[in-house]
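Fit chain B to the given chain A structure using the hints.
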Amino acid sequence: MIYESSALAVAVFAAFVASVLVLSFKLAARAKSVGGYFAAHGTVGWFTNGIAFAGDYLSAASFLGICGMIAFHGYDGFLYSIGYLAGWIVALLVIAEPVKRLGKYTLADALNAKFNSRGVKMVGAISTLVISLFYLVPQMVGAGALVKPLLGLPHWAGVSIVGVVVTVIVATAGMVSTTWVQFIKGTLLVIICAFVVVLLLERGFILPSTPITQDEVQTLTKVGEQTWVNGAPMTPANQLDSRLRERHGVGFGSVSALSNGGVATGPLGPVEYIEQFSGATITTWRKGTDASGATTFTPVERTGADLLLPGSSPTFKGVRSDNLGSKLDFLSLMLALFLGTASLPHILIRYYTVKDARAARKSTVVGIGAIGVFYVLTLFLGIGAMTSGALDPTDSNMAAPLLARTFGNGLFAVISAVAFTTVLGTVSGLIMAGAGAVAHDLLKDVCRFKLSDAAQVRAAKWTAVGLGAAAIACGIVFEKMNVTFLVGWAFNIAASANLPALVMLLFWKRTTKQGVIAAMIVGLVSSLGWVLLSADTFEKVYGYSAAAATDAALMPFSQPAIVTVPLGFLVLVLVSLATASRPASSPPASSAAAA
Amino acid sequence: MSQLRRGARWLAPVLFSIYCACYAAFVLSAAFCTFEAGQPVGGLAAQSIGGLNVAVVAGFGLILGAFVLALVYARFGAHRDAAEKAQ
Numbered sequence: 001m002i003y004e005s006s007a008l009a010v011a012v013f014a015a016f017v018a019s020v021l022v023l024s025f026k027l028a029a030r031a032k033s034v035g036g037y038f039a040a041h042g043t044v045g046w047f048t049n050g051i052a053f054a055g056d057y058l059s060a061a062s063f064l065g066i067c068g069m070i071a072f073h074g075y076d077g078f079l080y081s082i083g084y085l086a087g088w089i090v091a092l093l094v095i096a097e098p099v100k101r102l103g104k105y106t107l108a109d110a111l112n113a114k115f116n117s118r119g120v121k122m123v124g125a126i127s128t129l130v131i132s133l134f135y136l137v138p139q140m141v142g143a144g145a146l147v148k149p150l151l152g153l154p155h156w157a158g159v160s161i162v163g164v165v166v167t168v169i170v171a172t173a174g175m176v177s178t179t180w181v182q183f184i185k186g187t188l189l190v191i192i193c194a195f196v197v198v199l200l201l202e203r204g205f206i207l208p209s210t211p212i213t214q215d216e217v218q219t220l221t222k223v224g225e226q227t228w229v230n231g232a233p234m235t236p237a238n239q240l241d242s243r244l245r246e247r248h249g250v251g252f253g254s255v256s257a258l259s260n261g262g263v264a265t266g267p268l269g270p271v272e273y274i275e276q277f278s279g280a281t282i283t284t285w286r287k288g289t290d291a292s293g294a295t296t297f298t299p300v301e302r303t304g305a306d307l308l309l310p311g312s313s314p315t316f317k318g319v320r321s322d323n324l325g326s327k328l329d330f331l332s333l334m335l336a337l338f339l340g341t342a343s344l345p346h347i348l349i350r351y352y353t354v355k356d357a358r359a360a361r362k363s364t365v366v367g368i369g370a371i372g373v374f375y376v377l378t379l380f381l382g383i384g385a386m387t388s389g390a391l392d393p394t395d396s397n398m399a400a401p402l403l404a405r406t407f408g409n410g411l412f413a414v415i416s417a418v419a420f421t422t423v424l425g426t427v428s429g430l431i432m433a434g435a436g437a438v439a440h441d442l443l444k445d446v447c448r449f450k451l452s453d454a455a456q457v458r459a460a461k462w463t464a465v466g467l468g469a470a471a472i473a474c475g476i477v478f479e480k481m482n483v484t485f486l487v488g489w490a491f492n493i494a495a496s497a498n499l500p501a502l503v504m505l506l507f508w509k510r511t512t513k514q515g516v517i518a519a520m521i522v523g524l525v526s527s528l529g530w531v532l533l534s535a536d537t538f539e540k541v542y543g544y545s546a547a548a549a550t551d552a553a554l555m556p557f558s559q560p561a562i563v564t565v566p567l568g569f570l571v572l573v574l575v576s577l578a579t580a581s582r583p584a585s586s587p588p589a590s591s592a593a594a595a
Numbered sequence: 001m002s003q004l005r006r007g008a009r010w011l012a013p014v015l016f017s018i019y020c021a022c023y024a025a026f027v028l029s030a031a032f033c034t035f036e037a038g039q040p041v042g043g044l045a046a047q048s049i050g051g052l053n054v055a056v057v058a059g060f061g062l063i064l065g066a067f068v069l070a071l072v073y074a075r076f077g078a079h080r081d082a083a084e085k086a087q
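The listed protein sequences correspond, in order, to chains A and B.
Anchor point for the first sequence: position 500 equals 500 in the numbering used here, and the numbering is continuous, going up by one each time.
Anchor point for the second sequence: position 84 equals 84 in the numbering used here, and the numbering is continuous, going up by one each time.
Isolated chain A, as found in the complex (with noise of 0.2 Å):
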């Protein structure tokens, strides 16, 4: 309703993927043996690596699914922030060095390197995939839905634009191509990112310049693809942002009062920024049902002070609460981003393509700098689109690129492109451990096809393409469906399955492969069973209301990692100690492959 397809967007995006096409068919004789294909010959440099860790890790949903939460629930888009980055130091200081002595291409690679066993291979190919998967299907998802605002094209032709450039990627150069998109990605994101956030700093805070009669607060109600004002169908003419623009200067969510009393604070520092935005007044939008059951979204003012703090939204609400099953709710998803980012493989397969242990520390140092400069700007970036009149109330995801269009249509264009990118460069990375775990794990050492150097490079490209394919089929299949609740059942169960096996096989010596196999089935099956019978998922994937959806659940909160974390890990060491025919006389794998 408030978007207008950019011909500028159009071109932008058009001359990245134009350059990244060229560069995946350059470099792809670069990419014609294995270690080439899989690990890019172990020769990126750290720094390259660094800035790709972080183009490969900030997906759609950190960049506009974080900006969008801020903006609409204040601090509780921050906790994303913050648990997203502390996961890294579990990268750096527990999985980085070990997993780069101990793997070759892919995470089964690590896991298996102590045992030379199918099981775990072939387990741990399933637990790449299944991850993969979850966190894949959002990103196609949200490739769909941006397209559709920012270019003017509809769903399916935003998912299949994404899904055939990156399978393009990927089947030409592997990690080669894929090194190079997520450098060039995570590059512009937080250089654009932090150009926004200069700008905002610059223009500070203004109030809208008349105060808002109470004839012009008006009601929302979305019905399917349909949204009424006030009870009457939206059209040009009653739409209100355009009405606020005119009359006001300002749309959806603004500034109702500084804490001086005056109409525009001018240029702020950063502490400056918050501090003002802390005593500030400020319209928000609340997401409702009416007694139709139909989504409302109506204005309600609240202090900056309040948006400041956690627990304003459906997600992290248990915060406020006085109910200990909200609060471990909470918890629990803290744990599981905490824990999972160092257990993704799509994000572990990186470590592969740098030449040593030292390069793998040096390079996840940089990931954290430039990950954590971006988490630090999503604060700033979230708080800019709440308050600068741009906010679509029925669309999250859109608020930093309305934000960047407040600024001119030249950067809402770069900005839009940008948020292309930003799933281009996850999928491929997305798809590449896909890829690996099918052709290298499961064909080759579970399934044990003599398959050479370049057969197996080419069922790695032929498993790209089906993966391409499978991922589009899903984007548009799942349109209609909230999915972004998919990347944390991804990072619940990569906590859960691949954190206690990773653990226990670096650091203690009588971890047997029975004991690996048992901890990453149990990790999976119980993570993944914890969330399909929790209360968020009666809710948000089966249609029941909040309170049938709240009778129904089996598991007492909806985040399963707090008991399934330490199940992992449980259950490793029993299996283990029943499984140890003798006493382990070999060193942990880390000191043996270091040794």
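Derived from the structure by calculation, the hints contain no laboratory data.
One thing to keep in mind: the hints can contain errors.
To be verified - Pairs of lysine to aspartate or glutamate, EDC-like flavour, derived with a Cα cap of 20 Å:
1) Lys-317(A) x Glu-36(B)
2) Lys-355(A) x Glu-84(B)
3) Lys-85(B) x Glu-272(A)
Treat the numbers as computed from the prediction; the structure is a model and nothing was measured.
Chain B in isolation, oriented as in the chain A frame:
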């Protein structure tokens, strides 16, 4: 040199424990010390430096702290690598 190796062995666990403690304190404080009956009573809602609340300062602190720890680890790791190379 052996001291350096001993230090290297303990550095990662020590830094990891420090960060875990900070993260746990932040998360537990949000869950159990900030609200009572839905109203802010302290914890992350308390005022901190520069007119900002503890939630904002602690959030930025955890992000910047991660980077500082990473730099410390990288710096020490570089010394260790140099020592190993020299040996």
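Now for the hints, and whether the structure bears them out:
| no. | hint | result |
| --- | --- | --- |
| 1 | Lys-317(A) x Glu-36(B) | holds (13 Å) |
| 2 | Lys-355(A) x Glu-84(B) | holds (17 Å) |
| 3 | Lys-85(B) x Glu-272(A) | violated (48 Å) |
Of the numbered hints stated above, the single one contradicted by the structure is hint 3.
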